[in-house]
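**Q** Under our numbering, think of the first position of the sequence shown as 18, with each following residue one higher.
FYI, nobody ran anything at the bench for these hints, they're computed from the structure. Where hints are given, some of them may not hold.
List time: in silico DSS-like cross-link candidates among lysine-lysine, alpha-carbon distance up to 30 angstroms [to be verified]: (1) LYS165 with LYS116; (2) LYS155 with LYS165; (3) LYS47 with LYS78; (4) LYS57 with LYS180; (5) LYS44 with LYS159.
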Amino acid sequence: MQREVVDMEEFRTLRADEIDVRVQSVKKGKNVGAILLLYKDARCDMNILDESVGPMGWERKHELIGDRLYCTVSILDENTGKWVSKQDVGTESNTEAEKGQASDAFKRACFNWGIGRELYTAPFTYVTLSENEFYEDKGKFKVKSGVKFRVSAIEYASRRISKLSIVDKAGNIRYSYGYSAKKQEQQNG
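Sequences and hints are given; from them, build the entire structure.
**A** Encoded structure:
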């Protein structure tokens, strides 16, 4: 299979199935609702690098600078035969500190290459929660386990998110941006 030669800084935009959604926070106003964030995981970055420059056309290296873990992602410029590198630092995750820091540094370095950078153009994403989707713990509202959201559709204009649809695990549209009511009905059913 021949791969398409791409400009090293012009990676494709993310597909809906490559974007994960997580709850950033839960707020109570008139209703209880969740602010959602869009993100990508390290496997997505690896897949895009493999498909764009080939598995032998990129490499990653981690190094400790002070007490912070940095990742350098290098891509081979086939025209010059030289490696071009971009680097960034990671932060620890709440579950596995070292692994999370390495993964975060890699994802950030890939953002520097432009992979998934369009996620920074996401609109403010707020969904109203039903009473069976949240609980109160010591005065703070939290989403119940099992409450999940996913991107069902996404479109871009000039590498900026122009349309976005997020559904719950039952497939009900919970957030829509840029789509007409008719398109929403088609997506829902």
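**Q** Would you mind marking each hint as holding or not holding in the structure?
**A** Comparing the hints with the structure gives:
no.	hint	verdict
1	LYS165 with LYS116	holds, 24 angstroms
2	LYS155 with LYS165	holds, 23 angstroms
3	LYS47 with LYS78	violated, 48 angstroms
4	LYS57 with LYS180	holds, 18 angstroms
5	LYS44 with LYS159	holds, 9 angstroms
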